[in-house]
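**Student:** Chains L and B, in that order, are what the protein sequence lines are.
The working numbering numbers the first residue of the first sequence as 956 and each following residue consecutively.
The working numbering numbers the first residue of the second sequence as 1013 and each following residue consecutively.
For the record, the hints were derived by calculation from the structure and aren't laboratory data.
In this text, a Cβ means the ideal position worked out from N, Cα and C, and glycines have one as well.
Hints are not guaranteed to be accurate.
Said to hold, decoys possible - Reference excerpt, derived from the structure (chain L facing chain B, CB under 10 Å, subset only):
1. Ile969
2. Glu980
3. Ser1087
4. Pro1090
5. Gln1105
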Amino acid sequence: MMNRTLFIDPARCIGCQACVAACRECDTHRGKSMIHLDYLDVGATVASSPTVCMHCEDPIAPCAEVCPADAILVTADGVVHEASKERCIGCANCVHACPFGVPKLDVEEMLQHKCNLCYDRTSAGLAPMCASVCPTGSIFYGSLDELLAQRPNAAATDIVVFGDQEIRTGVATVTPRGFDGGRVPGGMA
Amino acid sequence: MSPARDRTPIPVLPPGVGDFREAGSESADGWRTDQRGMRLVPTHCCFCGVQCGMYLRVDADGTVFGVEPRDHDINRMKLCPKGVVAYQQVAHPDRLVAPLMRDRRGDPLRPVSWEAALDRVASEIRRIQDAYGRDAFGVYSGSSLATEVTYLAGKFARVALGTKHVDYNGRLCMVSAAAANKKAFGIDRAANPWSDILQTQVILVAGSNVAECFPVMTNYIWGGRDRGASLIVLDPRETPLARTADVFVPLRPGTDAAFLNGVLHVIERDGLTDEAYIAEHTTGWEQVRDVVRTYPPERVAEICGIDAALVERVGATWGNAERAMAFHARGIEHQALGVENALAIINLVLATGQLGAEGKGYGTITGQGNGQGGREHGQKADQLPGARDIEDPDHRAYIAGFWGIAEEDLPHAGISAVELVHAFREGTVKGLLGLCNNPLVSMPNADRIAADYDALEFHVQLDFFLSETAERADVVLPSVVWAEDAGVSTNAEGRIVLRHKAADPPGEARPDWWILCEIARRLGHGERFAFESARDVFEELRGASAGGLADYSGVTYERLEETGGLFWPVPSEDHPGTPRLFEDGRFFFPDGRARFNAVEWRAPTELEDADFPMRLTTGRTVAHFLSGNQTRRIGSLVEQTPRPWVEVHPSLGFATDDPVRVVTRRGSITFPALVTDAIRADTVFVPYHWAKQVAANLLTIDALHPISKIPEYKVCACRVERGEAIDPVPPPPQAPGATPSGNEGADGLEAPTAPQGKGTGER
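Same shape as in the complex, but just chain L:
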């Protein structure tokens, strides 16, 4: 997390779906968005939240661990890749294993799709499309120092808690400073 990565700040999401539109523009999967954009507590508020792949580090990539075809590559830089098309058997194990509900199965292609951190862009020094365009920085790409330079009162964590299980993620979550010891709850409370 000390390197450049995505920081997700649900409090800044305005629900505009620029990230969804931008994800569709990515050259490796044009026309398909890998981002989940949810409106929360509909009817009570206009709040919303984007979900991208959290690139789980510990335990490392549950999606890859359960893949019977070894189709999901985790590169040394910690990026958990989309299932490779020549290996994916469309079994949906990864869909069920992901704690964040990120991978999607295209039932016509029988192939898995998920965010690969815009590997074509990040490996060439560009920010991912979603973070580049996000009008409010709800999806931010950079280092923690770069984030804090813009938001002096923010904090970030890479720990997400599901019951007794802690997951350390490669993508960080922005929290209010001092929030719950730097751990955020996963899933629906």
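Given chain L's structure and the hints, the job is docking chain B onto it.
**Tutor:** Coordinates of chain B only, in the frame set by chain L:
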């Protein structure tokens, strides 16, 4: 789309396999990317007044096929969902690619040659002007055009047609703020660059759903908050920006001036005014002070339907700030009291001396991409280039001399846009050239507007998609999208930016300036319209604006390219531009003093009664733009928000997706309900981007502000009742013989998940 490509075919293999250099270049559903020979063309978005920088991706064949974020000062790569897909208009299958004409109303439009279309337009202009006089032919223009075209539209009307009847669709948008700025400051421009927002301590946003209408501006406002500023939002709906406000004031629509007077009441009562600033830089404070003394918080709370403590809290927050900034948009401006509402905010700003320094300021947030530039150079009924006054003898003499015509041949002020359209049926205007607007969707009381247009003897409309207005015209001339011509625009800060040409127009589509010049030539004014390019027009505009308030004479395309934008006035080529106004405490009046204007609150034109007990307000949603002629054709935007809905409070007893009929004295529409706590219980909201039987403007009132003539879109009386069948969304009009793009979307009858659209899980 693009013609067949001359290149080595890719071997037929499953996507992503084979030559690793091609890996990922094709996904399984047919998208293809070929980046060999790709160019990135720097430009700005075509949509709202933020004018975000972007690159268009152009392939080796000259086809615009994508967007790339651009690290421009305004937006630092950020874009909204409309900006990301704006490029999809360029090679869109719905584009108009040939002039269209019909001989009689009721006949279908048919493609014709440019010669035939332009000759018909010229002969109809001659016939109507010969029979009824020069003023019988009007021009109705728009502010999404490049400034070059807006200048030419005014010159075309005044010189080639010699008519006084020219106005523009900013009349539906920015005129209340413009009138207030002129009255108070003597200049009509936002006072500060938005970077000032990061330095302020209090940000007041009145009547603007910033996060949906100007998404990228949200980051400036939240950037201010991140550095400790308090955010105050006035809105009858808890919008995504209001959700994060330190003080959210959910006032009743149509009561803004009362609230703002109440805030100034608190500030004056508690001795928080800046007496030195008032004494040195303003006039008229005593009258304003006497009026606001009659707006104690209890009275204001009663009028606005809020807690009196909110008035106290906003007064204390603003009054105690060392640096504060106020912004407003259509929410307070689209009212019969629109100018007064803006003046009430200006009074607050002046009384506390919050102008002319970093973090101290004021601005309206212009709605259209070139909403600022489009109201500066003479397509407005009462204005000449350089923001000059058409009734000022010196201004008239300068422009008449510049154009080489006699001063007495320069028409005087005409009438405003809505009045102009109403004049079609009254018979004073018999013919119209329209460009860059879609009044059958965007004007209030839309049924009446359709009848007005049908009363014209001749109507020619320029557009790049067949709008609901163009489809009824006698002649439709195919024009270009923003990416197909160069031109400048001026954003909501007053910053002039340059848009580059990225592609040639499709088929026989032509730039708007070319079309106006061709008509002028046929009318015998070729020598005054001998332009070869938009840049030629810009060079003339520089001279026409020289010495005016909106002075562009020091602006060149090269300087815009080098700097990323210049703030007007720029009176010479070595002038750095003017990012922040009023730094020397001088305003644009002979005595240099700003004017206070006392404002009395009045109730909206149409009040609730037993039959119509609710207040209806209208507005935008993030995935669509204005009349929707552009965005209702783009697949991802239609998918996000396929249809309009009515937003109602749970206390009314409806469930989401229930058919709910909204009834006003003008009409009724049945929408799916979106039930939410995030709206006042006495208010209902309908978005206005859709046409025909689901056009929100079938419901709105055509009451106009007496000065600015802006319609009162934001408040009228209505009732809501359980409906039967939800009114379906008609597909956008198509040119004859065109194949629909398939982007219109299935006509679902359910409301979106939230005002911002459907979640990705619900599609």
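**Student:** Confirm or reject each hint.
**Tutor:** Hint-by-hint comparison with the structure:
no.	hint	result
1	Ile969	holds (4 Å)
2	Glu980	holds (6 Å)
3	Ser1087	holds (4 Å)
4	Pro1090	holds (4 Å)
5	Gln1105	holds (7 Å)
Against the hints set out earlier in the document, no violation occurs for any number.
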